[in-house]
Each structure stands twice: as C-alpha cells, then as structure tokens.
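Top to bottom, those sequences are chains A and B.
The numbering of the first sequence is this note's numbering, which starts it at 1 and goes up by one.
The numbering of the second sequence is this note's numbering, which starts it at 1 and goes up by one.
Don't take each hint at face value.
[Claimed, not checked] Label pairs and their computed distance ranges (CB to CB):
1) B:LYS191 with A:LEU314: 37 to 45 Å
2) A:LYS192 with B:PRO414: 47 to 55 Å
3) B:THR113 with A:GLU307: 24 to 32 Å
4) B:LYS149 with A:LYS192: 49 to 57 Å
5) B:ASP318 with A:ARG21: 21 to 29 Å
6) B:GLU223 with A:ASN69: 50 to 58 Å
7) A:THR395 with B:LYS405: 55 to 63 Å
8) B:ASP181 with A:ILE272: 41 to 49 Å
9) A:ASN112 with B:GLU67: 15 to 23 Å
10) A:THR395 with B:ILE415: 46 to 54 Å
11) A:GLN92 with B:ILE193: 39 to 47 Å
[Unchecked claim] Footprint (simulated), chain A over chain B, 3 or more residues, beta carbon under 8 Å:
12) 6 to 18
13) 94 to 107
14) 177 to 183
15) 243 to 251
[Claimed, not checked] Calculated lysine-lysine pairs in the DSSO-like style (CA-CA distance at most 27 Å, straight line):
16) A:LYS27 with B:LYS29
17) A:LYS405 with A:LYS334
18) A:LYS20 with B:LYS20
19) B:LYS368 with B:LYS391
20) B:LYS317 with A:LYS349
21) B:LYS392 with A:LYS29
22) A:LYS189 with A:LYS205
23) B:LYS361 with B:LYS397
24) A:LYS146 with B:LYS349
25) B:LYS244 with B:LYS189
26) B:LYS371 with A:LYS3
27) A:LYS363 with A:LYS317
28) B:LYS363 with B:LYS317
29) A:LYS405 with A:LYS391
30) A:LYS349 with B:LYS391
31) B:LYS54 with A:LYS29
32) A:LYS115 with A:LYS71
33) B:LYS336 with B:LYS391
34) B:LYS204 with A:LYS242
35) A:LYS8 with A:LYS146
36) B:LYS405 with B:LYS317
37) A:LYS336 with B:LYS244
38) B:LYS368 with A:LYS242
39) A:LYS27 with B:LYS391
40) A:LYS71 with B:LYS317
Keep in mind the hints are simulated off the structure, nothing from the lab.
Nothing here was measured: the structure is a model prediction, and the numbers come from that model.
The beta carbon of each residue, even a glycine, is placed where N, CA and C say it ideally should be.
2 protein chains.
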Amino acid sequence: MIKPQTLKGFRDFLPQEAKKRQYVIDKLKTVFETFGFEPLETPVLEYEEILTGKYGEEGDQLMYRFEDNGKRRVAMRYDQTVPLSRVVAQYQNELPTIFKRYQIQPVWRAENTQKGRYREFLQCDADIVGSSSPLADAEVIATAAKALKALGFNDFTILMNDRRVFSELVNNGSVSQNEMDLAVVAVDKLKKIGEEGVINELVKKGLSSDRAKKVFDLIRNQEKTDTMQDITLYLETQPELKAKTKFDPTLARGLNYYTGTIFEIEIEGYPIGSVCGGGRYDSLIGMFTGRQIPAVGFAFGFDRILEAMEALNLFPKDLANSVSKVLVTIFTEKTKQQSLEIVSRLREKNINAEIYLGEIKEKNPLEKQLKYADQKQIPYVIIIGPEEAEKKIVTLKNLQTREQKTYTFEELLPILQS
Amino acid sequence: MIKPQTLKGFRDFLPQEAKKRQYVIDKLKTVFETFGFEPLETPVLEYEEILTGKYGEEGDQLMYRFEDNGKRRVAMRYDQTVPLSRVVAQYQNELPTIFKRYQIQPVWRAENTQKGRYREFLQCDADIVGSSSPLADAEVIATAAKALKALGFNDFTILMNDRRVFSELVNNGSVSQNEMDLAVVAVDKLKKIGEEGVINELVKKGLSSDRAKKVFDLIRNQEKTDTMQDITLYLETQPELKAKTKFDPTLARGLNYYTGTIFEIEIEGYPIGSVCGGGRYDSLIGMFTGRQIPAVGFAFGFDRILEAMEALNLFPKDLANSVSKVLVTIFTEKTKQQSLEIVSRLREKNINAEIYLGEIKEKNPLEKQLKYADQKQIPYVIIIGPEEAEKKIVTLKNLQTREQKTYTFEELLPILQS
Numbered sequence: 001m002i003k004p005q006t007l008k009g010f011r012d013f014l015p016q017e018a019k020k021r022q023y024v025i026d027k028l029k030t031v032f033e034t035f036g037f038e039p040l041e042t043p044v045l046e047y048e049e050i051l052t053g054k055y056g057e058e059g060d061q062l063m064y065r066f067e068d069n070g071k072r073r074v075a076m077r078y079d080q081t082v083p084l085s086r087v088v089a090q091y092q093n094e095l096p097t098i099f100k101r102y103q104i105q106p107v108w109r110a111e112n113t114q115k116g117r118y119r120e121f122l123q124c125d126a127d128i129v130g131s132s133s134p135l136a137d138a139e140v141i142a143t144a145a146k147a148l149k150a151l152g153f154n155d156f157t158i159l160m161n162d163r164r165v166f167s168e169l170v171n172n173g174s175v176s177q178n179e180m181d182l183a184v185v186a187v188d189k190l191k192k193i194g195e196e197g198v199i200n201e202l203v204k205k206g207l208s209s210d211r212a213k214k215v216f217d218l219i220r221n222q223e224k225t226d227t228m229q230d231i232t233l234y235l236e237t238q239p240e241l242k243a244k245t246k247f248d249p250t251l252a253r254g255l256n257y258y259t260g261t262i263f264e265i266e267i268e269g270y271p272i273g274s275v276c277g278g279g280r281y282d283s284l285i286g287m288f289t290g291r292q293i294p295a296v297g298f299a300f301g302f303d304r305i306l307e308a309m310e311a312l313n314l315f316p317k318d319l320a321n322s323v324s325k326v327l328v329t330i331f332t333e334k335t336k337q338q339s340l341e342i343v344s345r346l347r348e349k350n351i352n353a354e355i356y357l358g359e360i361k362e363k364n365p366l367e368k369q370l371k372y373a374d375q376k377q378i379p380y381v382i383i384i385g386p387e388e389a390e391k392k393i394v395t396l397k398n399l400q401t402r403e404q405k406t407y408t409f410e411e412l413l414p415i416l417q418s
Numbered sequence: 001m002i003k004p005q006t007l008k009g010f011r012d013f014l015p016q017e018a019k020k021r022q023y024v025i026d027k028l029k030t031v032f033e034t035f036g037f038e039p040l041e042t043p044v045l046e047y048e049e050i051l052t053g054k055y056g057e058e059g060d061q062l063m064y065r066f067e068d069n070g071k072r073r074v075a076m077r078y079d080q081t082v083p084l085s086r087v088v089a090q091y092q093n094e095l096p097t098i099f100k101r102y103q104i105q106p107v108w109r110a111e112n113t114q115k116g117r118y119r120e121f122l123q124c125d126a127d128i129v130g131s132s133s134p135l136a137d138a139e140v141i142a143t144a145a146k147a148l149k150a151l152g153f154n155d156f157t158i159l160m161n162d163r164r165v166f167s168e169l170v171n172n173g174s175v176s177q178n179e180m181d182l183a184v185v186a187v188d189k190l191k192k193i194g195e196e197g198v199i200n201e202l203v204k205k206g207l208s209s210d211r212a213k214k215v216f217d218l219i220r221n222q223e224k225t226d227t228m229q230d231i232t233l234y235l236e237t238q239p240e241l242k243a244k245t246k247f248d249p250t251l252a253r254g255l256n257y258y259t260g261t262i263f264e265i266e267i268e269g270y271p272i273g274s275v276c277g278g279g280r281y282d283s284l285i286g287m288f289t290g291r292q293i294p295a296v297g298f299a300f301g302f303d304r305i306l307e308a309m310e311a312l313n314l315f316p317k318d319l320a321n322s323v324s325k326v327l328v329t330i331f332t333e334k335t336k337q338q339s340l341e342i343v344s345r346l347r348e349k350n351i352n353a354e355i356y357l358g359e360i361k362e363k364n365p366l367e368k369q370l371k372y373a374d375q376k377q378i379p380y381v382i383i384i385g386p387e388e389a390e391k392k393i394v395t396l397k398n399l400q401t402r403e404q405k406t407y408t409f410e411e412l413l414p415i416l417q418s
C-alpha cells in the first residue's frame, strides 16, 4: 500500500476551499477585464536561463530546476513578470503596442515552510507593457484598489514610493552608491526591525553610527517625485480611492528589477503586511529584446487575500453550501424513473441538482439519503414516494428549517431558482 | 541578451487563445456543477511513488520526475485520476460518502512532439467516487454528453463497452489470459490499423492466423452486459441523448486501471478520434487505502475539443474582440480630465473600458489612438474634444461601421451595455 500524502509546502484544495479560491479568482478577473486587461497563460516549465539571474541570489536558490528527459536544463515558473517579459520579446509583432495583460497561475519556490510559507502558490498579476506614462502607473494602482473593493475590502492603504527617490540621493552626491545599496536592503526591513534595527544593520555593515542615522534621515525626508504627484492626482479623481494613498519614502520592495514607481497595499484591521505589491520595471524586458520596453504592474498575494477575507468575514455565506442546490432522492425501484425525470428537468432549467447514487435500502430508504444531504450541506431535498409519483407532484424539504411541502414541478422552480 | 523561446511541446496562450480556453472551461464548469460535481485542486508535484506504476511502462517513461532541493524524489502531475485516488484515501473522513468532483488542471507528459502532441496540456475530469451503482456510470456519461451539447456539439456518438466483456471470455475458457492480454492491446488500435492489422499483430505475437481470427470474432460478437443495458436505458430517458449511444465490443481503452464500463465520445463531422474517454476503476483507490472504493469518471481532451470547435465554428464571434468594449481617447492635456472621468464612470457601470496610455501627439492626436483600437479590435472609441468637453457630451465612434455620433453619458450606457 502506498501512503497517501502531499509534499511539504504543497496543498490539496478540497471543494470548500476550492470554491473560495474560485470566488476570488472570478472577482479579480472581472475587475481586470473592466480595466481592459486581457488574459495570458505561460507554461510551467521554461528554459532555465530564461528565469535564472532575474530574482537575485535567493531566487536562484529557491527555484525548482532540473534536467528533463531530453537533457535540457528547465525551471518551474517562479513569478509571472519574467515569463511576461519573455512573451513580450517573443511575440513583439503580434501584440498591440500597449499590451495590458492579467495572469493567474501558480508559481513554485522552495521556501522554508516553517515560516508558514507555501512552495506552490497562486499569483494574480496585472501589467501594462509599452507605456511610460504615469497614467499607466496610476491605472495599475487603481486596478488593484478596485479589485480589493470588489472583494469587500473597504479600508486599505496604498503605500507609494519611487525607486528614483533613492537614486536621486546618489546622483546629487549626498549618499554613495555603496551606502545606498546597503540602506535599501536595511530600510526594506523597517517595519519588522524598527528604526533602531535599520541603524544597527547599517553600523554592522561598516557605517559609523552618525553616518547611518544621517543616511536614514536623508531617505526618510525625501520628497515625492513629480511622477508620484501625477499619480496621486489621478487617484484622487477616483472618488473611492480618495485619501487612500500615502507617500512612504522608506518603502523599498525586495525585487531588484524595479526602476520607478513602487507600491504596496495594506489592509487595515488585518496587519499581516502587504497583500499586493508592484511597480515599474523599465529594464527587464530589454534583457530579452535588446531594446528597452517600459512596463508597470503588480501581483496580488493570493493566500494573504484569502486569509484576510476569512478574518474579516468577507466570503458570501452560501459558499459553504454544496454546489448542488437540491438532492433528488430515490424512494423505491418503482419511483426511480420519476426521480430521474425530475433531476433531468431541474438541470434543464440550470438548477444544480444531484440524484442519490448510494444503495437504496428497502426499510427506511430516506434515512441515509437525508443524512448524505445534511453532510454535504445541500439546502433542499426532493422526495417522490409512491403517492407523489402517482399524483405527479413532489415533496420539497428545506433542510435548514426541516419544513416540507408538496408542489407541482412548475411551482417548484421559482423556489429553487431563488 | 537571452533568446526568448519556449520549450518544445509547451505553449504560451496569448489573449485570443486564452479567451477561447476560458470560454470552454466556464461552460464545462457550469455543466459539471449542474450535475452536482464540486471543484478539487491538487498540487503539480507529488511524491514520485504516488504516480509511478499506475499508468503502465510508457507512463513511467513519459513522466517528468526529478529530485528536489530536499533530496525528495518528486513527479509532475501525469493525469488527475491518480491524484484524486490519493486525495480520497488521504481525506476519507472529511469527504462525503459519495464524492463527486471535477478538476481542470494541466498535466505533463514528455510525449514525442512530432506526433502533434503537447507536453503540457489541460485535462478536464469529472468523477464519482463511492458508488458502484450503474446509475453513477450513466450520470458521468450524461454529464460528458451534456457538456458537449453546451459547447454546441449536436452530433456525437457515445461508444460504450465493459471491460468484463473481455474477462468473461477468459472466465468461460474461450480465450486464454495471455491471448486476451495481446488481443486487448491489438484491438485498441482497430480504428487505426483495421481488422487485418489487428489479426496481423496477433499473428506476429505468436497466435496462428485461424486462432487470431477466432479470438477477434469472439470479441466482436460479445453481447452487452446487464450493466450496459441499465446505463443505456437511463440514457434513453434523456431526450437529448436518445440514440446517441452505441455498444462497441471492440472498444478497449488504453489505461489498465479500468474494471467495468468504458466509453469514448466521437464528434460527427470531425473524425480525429475521441474527445472524451472514461470508465469505471474500482481497484485504483484501494492502492492507497487498503480497502476497495468504487469510482467512475472521464476526462475531456481539452485540445481536441478546442480543435473541433474551431473546425465546426462553434466559438461565439465576439470572442475575437478585445476584452475592452471601448477605448476612451485623450484629445489634449486640457480634456484629459474629462476622459479620465468618463472611463471611470463606464467601469463603475461594469463596462470594460480602457484609456489610451500612449503618447498624445499635438498634431492629429486621434490618428494613433484609432489605429491602436483597430489593432486590438476594440469595438467602440469615445472622443472628447474641446467642444464635447464644454458641452458635457461625448462622441462615440463604432469602429466596424465607422459611424460616429454625439451622446450624453446617460444615452451612451445602453449602447455600450448591449
């Protein structure tokens, strides 16, 4: 016998969970399409060289990589931004000049599972390729915000910054490139380790205590760039996004391909960090095309969104019910034909219905069938005994109220369709 | 520069194709849920021992297998029936006594791509676990047929057989087990190689010519089992499935885990083989649980369904359009604000709308924007020039008819919502 088990960091999604995931995916898709994003799918496996060297050293380590049967070095999707960049380069002539795409597929990272992280998880991305207008930055941020609204999140903050806030300090000579490289890494941890922690880390890396404080202060006191000003202005025109944005000069973001605007979204009342992060990356696609193509976008952390929705009770209650709205029971071999007809007619009317497929006991035939419906949380049960069969009616039992009443098929429909 | 390319047998799905795939998936899901099937998702990677030895020798060879960073032997999903069997064993106490699940996820097989086969492809399965009633066999067949109807296929044939048709001939002594093993493999190729081909193959394997003909005749003249009779009767009660079933004693099916009913569905007018195959497998789950749990189900060959739909012209025409129903253009910096407001109000009304994100030229600002809309097949364009901005109206241009007319926002809605 083979032990039935899943790999560490990998998950099965049984129906209850799968339905919640589908609910969120459907909402996200609808909003993405409202903003004019089109779907894209890329393969799970890529040539290794497509993916390596794009995510920093840690990325290369955590990537699932192997040699396939044909001796090719291959790697499993690690994010959706690098595959998008490859696609843009590969199909340049087929894609519109401004390419807006969304992508909702799993990615794999061999993370330390003790930190509560998964090795297979879903990413939900929306990106605009081919526009360097700040309006594009604003549009992706508005898309993310609108998606959160559609899921029921009313209270969230969009933290914004611009990678050029850092490079400006280097360009004007206030901070050396080396100091800035160290500072960006340290400042990225500000929320976890606090101001003192950031200073300590910089001191550990060789800066004097005074200099570390100075560099941190310089960063903290940087002002909005013009681009950020433009984006904020646009977002303020969206009534529901008013006062949701906050400039945070200490926002750094981990990935090193960002070149301009960066942002993260935090949910108020669920302080687990950001549920969404993104920004502008104007140099990544150039690694595949040889010419720079600007791009901006974001990814939702799907698992965190689900956690937050669970915590804030944002899932519709009826998601907990069975997919089937009604179980049609079988009373005896004689009435079976009527039961089959009813289930078929209900389906014809697009009512999710199932027929009982277990063994029918002669004594107390309904007992087990009602138990099955209760176990699966099917809201209604239809009973067709010899009397009902003869009169061409059915008994409908509401399993919540335990009430039951007889109806003709035509009377039944509006109740089950509601 | 890194060459942007995909692995042989792996595909990107650009928006046009991705939309068609999504259309089919949505239709299948709706039908599966009408029949009371619930969604399930399993991981891409499994412990190798979960998958190996279940698909025959060829399966083990074509499977993507490797050692992960933690020195575990892992394998990529090869079908969805074995993972389902693992799930049923692993969560026995959480699942309903009769578990009806559907699963729509990709699988990987390192096939010879010269035969037009893909190495990553989608499978769409629906299975009923825990019922040995012939009604369950009939229900899965009806589900498959209903799904094809929903996709627009009106003319198809359900070929049915029962694995016990073969075992009966062994049990009653007419054919030896060895002869039958060879015959099943040979008969499985009947459609490709013809009757003579089957006889030749059996002769090659050591049977005399007379004996080969005799064995083939015995198989061909077998009669329906009682179960098959029951299933056919049930299917005949579904008006739309009347006369769609055909008993075919030479139907064999490749996979060796089938134990009872087997079936395939062929599309009339698209003779490329079956688009759907399935059957009863009452021993597979026992490999993980130690006790037998009956199961019956099927998988759609997603790529073949798409090909057939393309050939028979079954996709709705508007799938070829852009996701965006309308492009809101920007005329000048001065009217930009009005354009932003309009796009935001359209989205508020759930109309898929995008704003032009390219550079706005001072001379002839609309030329490039209209070209972009044409390229993306966006059906409508909204123009807000200085005059429109002042009068609080918009010009709507239909890109198919090239007609344009001015409207108030309220007048615009019904046109774009239709």
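Okay, the hints, checked on the actual structure:
1. Hint check: B:LYS191 to A:LEU314, Cβ distance near 53 Å, so the stated range 37 to 45 Å is violated.
2. The beta-carbon spacing between A:LYS192 and B:PRO414, approximately 53 Å, falls within the hinted interval of 47 to 55 Å.
3. Checked against the hint of 24 to 32 Å, the C-beta distance between B:THR113 and A:GLU307 comes to roughly 41 Å, which is inconsistent with it.
4. At about 56 Å, the beta-carbon gap between B:LYS149 and A:LYS192 stays in the expected band of 49 to 57 Å.
5. Checking the proposed 21 to 29 Å range against B:ASP318 and A:ARG21 shows it holds: the Cβ atoms sit about 28 Å from each other.
6. Remark: the range hint 50 to 58 Å for B:GLU223 to A:ASN69 is contradicted by a beta-carbon distance near 44 Å.
7. Take A:THR395 and B:LYS405: their Cβ atoms lie about 58 Å apart, and the range 55 to 63 Å holds.
8. In this structure the supplied range 41 to 49 Å is violated for B:ASP181 paired with A:ILE272, their Cβ-Cβ distance being about 58 Å.
9. Between A:ASN112 and B:GLU67 the beta carbons are some 19 Å apart, a value that agrees with the proposed interval 15 to 23 Å.
10. Between A:THR395 and B:ILE415 the beta carbon distance is about 49 Å. The supplied range of 46 to 54 Å therefore holds.
11. As the Cβ distance of A:GLN92 to B:ILE193 is approximately 45 Å, the hint placing it in 39 to 47 Å holds.
12. Counting residues of the segment 6 to 18 of chain B whose beta-carbon sits less than 8 Å from any beta-carbon of chain A gives 10, enough to reach three: the coverage restraint holds.
13. For the segment 94 to 107 of chain B, the stated coverage by chain A is satisfied: 8 residues place a CB nearer than 8 Å to a CB of that chain, which reaches the threshold of 3.
14. Proximity of the segment 177 to 183 of chain B to chain A, defined as three or more residues with a beta carbon under 8 Å from a beta carbon of that chain, is not established by the 0 residues found.
15. For the segment 243 to 251 of chain B, the stated coverage by chain A is violated: 0 residues have a C-beta nearer than 8 Å to a C-beta of that chain, whereas at least 3 were required.
16. About 16 Å separates the Cα atoms of A:LYS27 and B:LYS29, which keeps this hinted pair within 27 Å; it holds.
17. Distance check on the hinted pair: A:LYS405 and A:LYS334 sit about 22 Å apart at the alpha-carbon level, within 27 Å; holds.
18. Annotation: proposed proximity of A:LYS20 to B:LYS20 holds, straight-line Cα distance about 24 Å (limit 27 Å).
19. Taken as a hint, the B:LYS368 and B:LYS391 pair is honoured in the structure, with Cα atoms around 25 Å apart against an allowance of 27 Å.
20. Of the pairs offered as hints, the one joining B:LYS317 and A:LYS349 holds, with about 25 Å between alpha carbons and a cut-off of 27 Å not exceeded.
21. Simply put, B:LYS392 and A:LYS29 have alpha-carbon atoms about 32 Å apart, too far for the 27 Å limit, and the pair is violated.
22. Restraint check for A:LYS189 and A:LYS205: the C-alpha separation of about 15 Å stays at or below 27 Å, so the hint holds.
23. Distance restraint check for B:LYS361 and B:LYS397: the Cα-Cα separation of roughly 20 Å lies within the 27 Å cut-off, and the hinted pair is therefore satisfied.
24. Of the pairs offered as hints, the one joining A:LYS146 and B:LYS349 holds, with about 13 Å between alpha carbons and a cut-off of 27 Å not exceeded.
25. Taking the CA atoms of B:LYS244 and B:LYS189, the gap is near 23 Å; set against the 27 Å cutoff, the hint holds.
26. Between the alpha carbons of B:LYS371 and A:LYS3 the distance comes to roughly 60 Å, so the proposed pair goes past 27 Å and is violated.
27. Under the criterion of a C-alpha separation no larger than 27 Å, the hint pairing A:LYS363 with A:LYS317 is inconsistent with the structure, at around 36 Å.
28. The suggested pairing of B:LYS363 with B:LYS317 is violated, with an alpha-carbon distance near 36 Å, which exceeds 27 Å.
29. Taken as a hint, the A:LYS405 and A:LYS391 pair is honoured in the structure, with Cα atoms around 14 Å apart against an allowance of 27 Å.
30. At most 27 Å may separate the alpha-carbon atoms for a hinted pair to count; A:LYS349 and B:LYS391 exceed this at roughly 48 Å.
31. In summary, the hint linking B:LYS54 to A:LYS29 is not supported, as the alpha carbons are separated by about 37 Å, beyond the 27 Å threshold.
32. For a cut-off of 27 Å, the pair hint linking A:LYS115 to A:LYS71 is broken: about 34 Å separates their Cα positions.
33. Restraint check for B:LYS336 and B:LYS391: the C-alpha separation of about 15 Å stays at or below 27 Å, so the hint holds.
34. The straight-line distance between the Cα atoms of B:LYS204 and A:LYS242 is roughly 79 Å, outside the 27 Å bound, and the hint therefore fails.
35. Between A:LYS8 and A:LYS146, the direct Cα distance comes to roughly 34 Å. Violation of the 27 Å bound is thereby established for this hinted pair.
36. For the hint pairing B:LYS405 with B:LYS317, the CA-to-CA distance comes to about 25 Å; that is within 27 Å, so the pair holds.
37. Taking the CA atoms of A:LYS336 and B:LYS244, the gap is about 22 Å. The hint holds against a cut of 27 Å.
38. Using a Cα cut-off of 27 Å, the hinted pair B:LYS368 and A:LYS242 is violated, with the two alpha carbons roughly 32 Å apart.
39. In summary, the hint linking A:LYS27 to B:LYS391 is not supported, as the alpha carbons are separated by about 36 Å, beyond the 27 Å threshold.
40. Restraint check: the Cα-Cα separation between A:LYS71 and B:LYS317 comes to about 43 Å, which exceeds 27 Å; the hinted pair is violated.
In this structure, the earlier hints numbered 1, 3, 6, 8, 14, 15, 21, 26, 27, 28, 30, 31, 32, 34, 35, 38, 39 and 40 are contradicted, and the remaining ones agree with it.
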